[in-house]
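**Student:** Quick mapping for you: the protein sequence lines, in order, are chains D and W.
Taken in order, the first sequence gives residues 229 to 845; the numbers are from the working numbering.
Taken in order, the second sequence gives residues 104 to 200; the numbers are from the working numbering.
Some clues are possibly wrong.
[Stated by the list, open to error] Only pairs whose alpha carbons sit at most 27 Å apart, straight line, appear in this in silico DSS-like list of lysine-lysine:
id, chain 1, residue 1, chain 2, residue 2
1, D, K794, W, K147
2, D, K451, W, K147
3, D, K511, D, K498
4, D, K507, D, K529
5, D, K737, D, K257
6, D, K257, D, K458
7, D, K723, D, K527
8, D, K257, D, K511
9, D, K692, D, K794
10, D, K458, W, K147
11, D, K730, W, K147
12, D, K275, D, K826
13, D, K697, W, K147
14, D, K692, D, K778
15, D, K753, D, K826
[Unchecked claim] Computed spacing ranges between beta-carbons, pair by pair:
id, chain 1, residue 1, chain 2, residue 2, range
16, D, E497, W, G120, 16 to 26 Å
17, W, E181, D, K595, 27 to 37 Å
18, D, E828, W, P122, 23 to 33 Å
Hints in this document: simulated from the structure, not taken from any laboratory.
Quick reminder that beta carbons are idealized off the backbone N, C-alpha and C, glycines included.
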Amino acid sequence: MYAYTGKILYIDLTTGNHKTGRFDESFAKDYIGGTGFGIKMLIDNLKPGTDAFDPENPLIYVSGATTGTMVPCTASKFGVFAKSPATGLLGEAYSTGQWGAELRATGYDILVITGKAPKPVYIWIDDGAVQIRKASHLWGKTTWEAEDVIRDELGDQNIRVSGIGQAGENLNRLACLINDRFRAAGRTGLGAVMGSKNLKAVALRGTHDVRVADPDGLMDLNKDLYERAKGPLTAKYRTMGTPANMLIHNAQGALPTRNYQSASFDGAEKVSGEVLNEKYVTKIQGCSACPCRCEHIAKAKSGRFEGAASRMEYEPMMAFGPYCGVDDMNAVIKAIEFCNLYGVDAIGAGIVVGFAMECYEKGLITKDDTGGLELRFGNGEAMVDMVRKMSVREDIGDVMAEGVMRAAEKIGQGSEHFAMHIKGLELTGYDLRGLKTCALGYLVSRRGGDHQRHGSYGWDLSGKVDRYKAEPERGALVMGDEDFYCIIDSIIICKFTRAIWKGYDEIAKVYSLVTGIPMTGGEMKRAGERMSNLARLFNIREGMTRSDEKLPARIMEDPIPDGVAKGAVVTPEEVDILLDGYFDARGWTRQGVPTRGKLEELGLSAYAYIAEGGQAT
Amino acid sequence: MANVRVQYFGSIRAAAGTPEEETARGENATVFQLLLELADAYGKAFRGEILDESGERLRDDVTLTVNGAIINHSAAYEMRLRPGDLLALFPIFPGGG
Ligand code: SF4
């Protein structure tokens, strides 16, 4: 096996010990990398029913098959897994930048951290050498401050750091891991898992090369991939990037606005990608070995937030713009900067603030709760302050740090109706009421309310299906998307460059050229299905049932009030049609449980006990 | 097909250099033929934004709407616009991590 060293570094923070384990070629062939490694390692290393904040919940870093190689738009990626404090299910997030390539350079492919240090620490991996170092002086610092101190004390400004800010230390269930300043493994609260271990960061430096099986063959294919990555298929990311979605979703009646009270925003123009590019973007940069270079770095220009800087993407801009009714780009940039500094999911945080704003406007919380903040839609300053308050658990921020599902349970008074989450994870920037294939993708997403495990909005937005119609056939479409995304996230291919890849066959070819492991497109597809099934089993083992696959009440009861999608809603009957169609397509029972036959077909018989409601033998 | 309005969004707008126009191009033409004419007028970057490598088919990751309703790409090869219709072109963005 090439590329992979097969080395897994296990670190126990309770004892301070570490050891090296190994995986073999069959593990790599069956689980590919990234997503596959993460799901497999988590299900095998977590005792069922363990709480997300229990020291024995493993925090698992995984590299992709091509991480650290020259394969464009894949080289910098890594994934992080643990049981999620937000959903109590599979916790999963990906990041890019430089950290992933550095992990491969240390000689380890997978890092598994368990236990809890008696006092704050950080982990320092210098090639094969592992140290657990004191971090009391870093506790209470932002992610950027901590990175600076770590680099200074280790005497190397090129050390790569993935770590938490105050949100993770305070067990904020939206806390994330930040690396390379602007990059986040953002969703499902994995920063809080790190914080629960008294762990501030993982710092890396490596010198190992990643050896590929067929350098000449790979170079030939790489040339072609580079050309495609620089061509028209990715031009939209270079010119304006995802912030272009602001006006696009606005025109399509798909822009979640004021906590889903509308699907279009009168101030969209002011917080659009067009205005961002024209007035606020100061720098465009890229990740390791990526010719696409899509990172738009923006700076706030005036007012209280002048000088704030952030990498800008549609999702956090939506969350802190329309979702909170804010049309001040300076406040949006500052809120996202705070998310990077305090280490909190910049999508989820905006959804939580929007929820808090609606609670405030409805009188469910008052100025006494907010510490004097006039927390109305449109108040950018209050929004920014709420990000800080959530991160340090101050005033109502303490309740909001639990995420909208738990906050609504606490606040009550009907707030559950507009708590916009699925399985405890806050929704992202597609109004599901008028995008029904997408709604199914969110419903069954293994990490909760999210577009990134399927990308199924593509069917609705391309007009290949009727966006307003729910029909059983959507199940097969979402299944196909999910399994393909499993493979994309196992290699790990940047989704922005998804279009340059010619399907499973080409991905399998690259995998073989890199690892030397024979692989066909068909085997790759099957591996994607295996991952989807194993993730389902993990969630079932942690207690998930079909009844958890439900949409927020507002999506099912409050039709879109205006715009081109006016009147759209997803009824409970439509949810059933979509779920039945999906489970049938998967070959699962109508309760969403994989059958023994399906598991045998995928080589997962060892996990059939979960589907059958038993225990491991 | 006089006086059809065409709106451009995102990177398609950047390539066209205008957010919106009224056009009498492609009278009696289908939506797709109008798009080919626009591609001829706006050049390579615009063409790359809406057409695939062959130059003969629409890219999968493009949304077309007529009067606010999303249309199936296959309809674009048949549908003829009427005066006053609003055609809009949007890129679709698969997202991050
Ligand atoms: S396309 Fe953008 S986000 Fe993706 S790897 Fe390249 S620079 Fe990074």
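**Student:** Taken at face value, is the distance from the CA of K826/D to the CA of K275/D at most 27 Å?
**Tutor:** holds (24 Å)
**Student:** Would the pair K753/D and K826/D pass a check requiring their Cα atoms to be no farther apart than 27 Å?
**Tutor:** The given pair, whose Cα atoms are some 15 Å apart, holds under the 27 Å limit.
**Student:** Straight-line Cα separation of K723/D and K527/D no greater than 27 Å?
**Tutor:** Measuring from Cα to Cα gives roughly 25 Å; hence the hint holds.
**Student:** Do the alpha carbons of K451/D and K147/W lie within 27 Å of each other, as the hint requires?
**Tutor:** holds (22 Å)
**Student:** Next pair to validate is K458/D with K147/W; report whether the Cα-Cα distance is within 27 Å.
**Tutor:** Given that 27 Å is the threshold and the Cα spacing comes to 14 Å, the pair holds.
**Student:** Are the Cα atoms of K737/D and K257/D separated by 27 Å or less?
**Tutor:** The given pair, whose Cα atoms are some 13 Å apart, holds under the 27 Å limit.
**Student:** Can you confirm whether the C-alpha distance between K794/D and K147/W stays at or below 27 Å?
**Tutor:** With a Cα-Cα distance of about 37 Å, the restraint between K794/D and K147/W is violated, given a limit of 27 Å.
**Student:** Measuring from beta carbon to beta carbon, are E497/D and G120/W in 16 to 26 Å?
**Tutor:** Roughly 18 Å apart at Cβ, these two residues keep to the hinted range, so it holds.
**Student:** What's the verdict on K692/D and K794/D, does the C-alpha distance respect the 27 Å limit or exceed it?
**Tutor:** Distance ~21 Å between K692/D and K794/D Cα, so the pair holds.
**Student:** For E181/W and K595/D, compare the CB-CB distance with the range 27 to 37 Å and indicate the outcome.
**Tutor:** violated (59 Å)
**Student:** Hint check: K730/D vs K147/W, CA-CA at most 27 Å. Holds or violated?
**Tutor:** The given pair, whose Cα atoms are some 23 Å apart, holds under the 27 Å limit.
**Student:** Should the hint that E828/D and P122/W are 23 to 33 Å apart at their CB atoms be regarded as holding?
**Tutor:** violated (56 Å)
Checked against the numbered hints above, the structure breaks hints 1, 6, 8, 13, 17, 18 and satisfies the rest.
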